[in-house]
Amino acid sequence: MHEILAYKSPSLLADIPSHYCPGCHHGTIHKLVAQCLQELELGDDTICVGSIGCSVFIYNYILLDTVEAPHGRAPAVATGVKRSRPDKFVFTYQGDGDLASIGLAEIMHAANRGEKISVVFVNNTVYGMTGGQMAPTTMIGQKTTTCPGGRCSDREGLPMKMAEIMAGLGGVSYSARVAVNNIKNFKKAKKTLKQVFEIQKSGKGFGFIEFLASCPTNWKMTSTDANDRLKKEMIPFFPLGVFKDLQGESK
Amino acid sequence: MSRVVFREERCKGCLLCAQVCPTEILVQSERFNKKGYKVVCVKNGDMEGCKGCAFCAEICPDEAIIVYRTKKNSEDSDNLEEAHG
Amino acid sequence: MARIFIKGNVAIARGALDAGCKCYFGYPITPQNDIPEFMSRAMPEAGGEFVQAESEVAAANMLLGAAACGIRAMTSSSSPGMSLKQEAISYMAGSELPGVIVNMNRGGPGLGDIGPSQGDYFQAVKGGGHGDYRTLVLAPGTVQEAYDLTFLAFELAFAYRNPVLILGDAIIGQMQEPITPSKPLAVDPFEGGSWRLEGARQREARILKSLHLTDGALAGHNLKLQEKYKRAEKEVRFEEFMTDDASLIIVAYGSIGRIVKSTIRKLRKEGYKAGLIRPVTLYPFPSQILKSLAEQGKKFLTIEHNMGQMVEDVRLSICGLAHSAFHGQLPGNLPTPNDFEQPIINALRS
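Residue numbers (my numbering), protein chains in the order written: chain A, 278 to 528; chain B, -12 to 72; chain C, 2 to 351.
Okay, chain A solo, but in the shape it has when bound:
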């Protein structure tokens, strides 16, 4: 009878408290990113391109050389980084306002050029950092501070399904959507993220992974209720799965 440590925090994660709200999935996703980079032995050669949003402080939490991109411009900054240092591993970490709203042109064209970068896209249906405004992925009927009556399609259109949109672009090698609202999805998400990073590591082009995430504070819910909402409302509209995989190995 002896004890072993059943879980070890990835060393790429700084051992400091985070500013994220209770139950925010950014923390969970940071952990997965750190784990995958470590398991693929990429940490030493990785350049992280951060974005503007709640995760703007990613460089405090994941110990990587990081450049801060202006709001929405991370895919363009990452293009510059990867083009100037093709021998480095380059990924962006962006929220839904950053990527699908102000930065939509940048993500579409970086993807369609097939830039050899990875994009970690965290979709929590609101602008978190600025206090819960409507985002391009806000659900129909979802109340936010800028659609207080609930998003309605004839005025604000429908939530954008980025993983599917990315899959429709010729330049994209891999596009998938995952979630971390329960252990099953969490483990699947890790496998998928590792696959996305593997695509870049082996030089096979542009990889995209969309994480459905909760924002308890701005959804005005407890963290566990937010997880339920993610499961009952978001996943039916934003199905999980792999939408494109040129290599097909992961089938």
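It is worth saying that the hints were derived from the structure and are not from the lab.
Computed list of lysine-lysine pairs in BS3-like fashion (alpha-carbon distance at most 25 Å, straight line): (1) C:235 - C:127; (2) B:38 - A:285; (3) A:497 - B:22; (4) C:127 - C:210.
Computed footprint of chain A on chain B, listed as stretches where at least three residues anywhere in the stretch have a Cβ under 8 Å from a Cβ of chain A: (5) -9 to 0; (6) 5 to 19; (7) 39 to 50.
Think of the CB as a built atom: it goes at the ideal place given N, C-alpha and C, for glycine as much as any other residue.
Mind docking chains B and C on chain A? Use the hints.
Frame of chain A, contents of chains B and C only:
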């Protein structure tokens, strides 16, 4: 039996761990940490239910949970390290 | 090196190539299209990267990314495109990143025209983006200078870890002249030293950012930037032409400065004693020389191809010591030497 230890100063009382615990032994305690979060604890301090699966530690967004698994038999556990005190 | 007959735009692109530029990010806009066109061949041939971005916004942010890795990189555009790049330029200044940005100024505001203009002086020199920042601004008046100043732009960008602007216009871009190119530089690709990003291998991670939220952090950062801009004042460059015996000093830069020189030569033959100060660096601005000339009792006339922008800096420099007139060639009208004769004569007489 296995056991779980909480780094209470890191816990934000979000209870995502409680939601994934297969034996549902985790609940919100009545204690506040320095930041004013009511931290998580094991229901009635009864560690018996802990299987050492570490789901709680994995899902925790704040790295606030340490899990020690007691190895009764020789089940292999890849990349898990010897507990050191 | 043998002389070559080359267009201004191409001279800038060739200058960047010879100065060791390894990445170019561009977007089509008249009158600077020769630059991305040249680079689309030259960069791959030199083992570098050419990207035609989806917008000037994206191109400027690609520049930011390459600069973060300490690689010599450049983007170019013209007035409307420059407006789109201002956010990235402010971020580069805030994050202290070296990059070269070329603006071949065209008529404005709005769509304006595709002819020459100097209507972007304020944007270039005072900073078109947000916050207290400066970029060094170089203003070529000849195709040779367009080539040479591109070398200088990269040198200054890395020396001060700051974006550097080359402010030309449609005249400089579209005209062809013989130039003598320099020997291509063998640039240490990793001149970015200890600040550039390359992956934190057994060392502290490096972070290039402009966000400073902790108490006093942004204040301290702004002081540090201002000290840098003070240090950069010694990089001032200007051409002095026939100023010793002149009673009127004309201040004009770029293509206009050059046209004014022809007018001065003509008027000198008719006994009019006019001279020229042609700023080559618009920031740092040549205030000292203007002040000393003002102290010698000279009068001033600023001639620009806009409605009056640099004239404010001239007046600031001579701070009331002397009379300072202005003549603006209207954007949309192509300037010729004799356009400036009467304004100079009037200023001499006033």
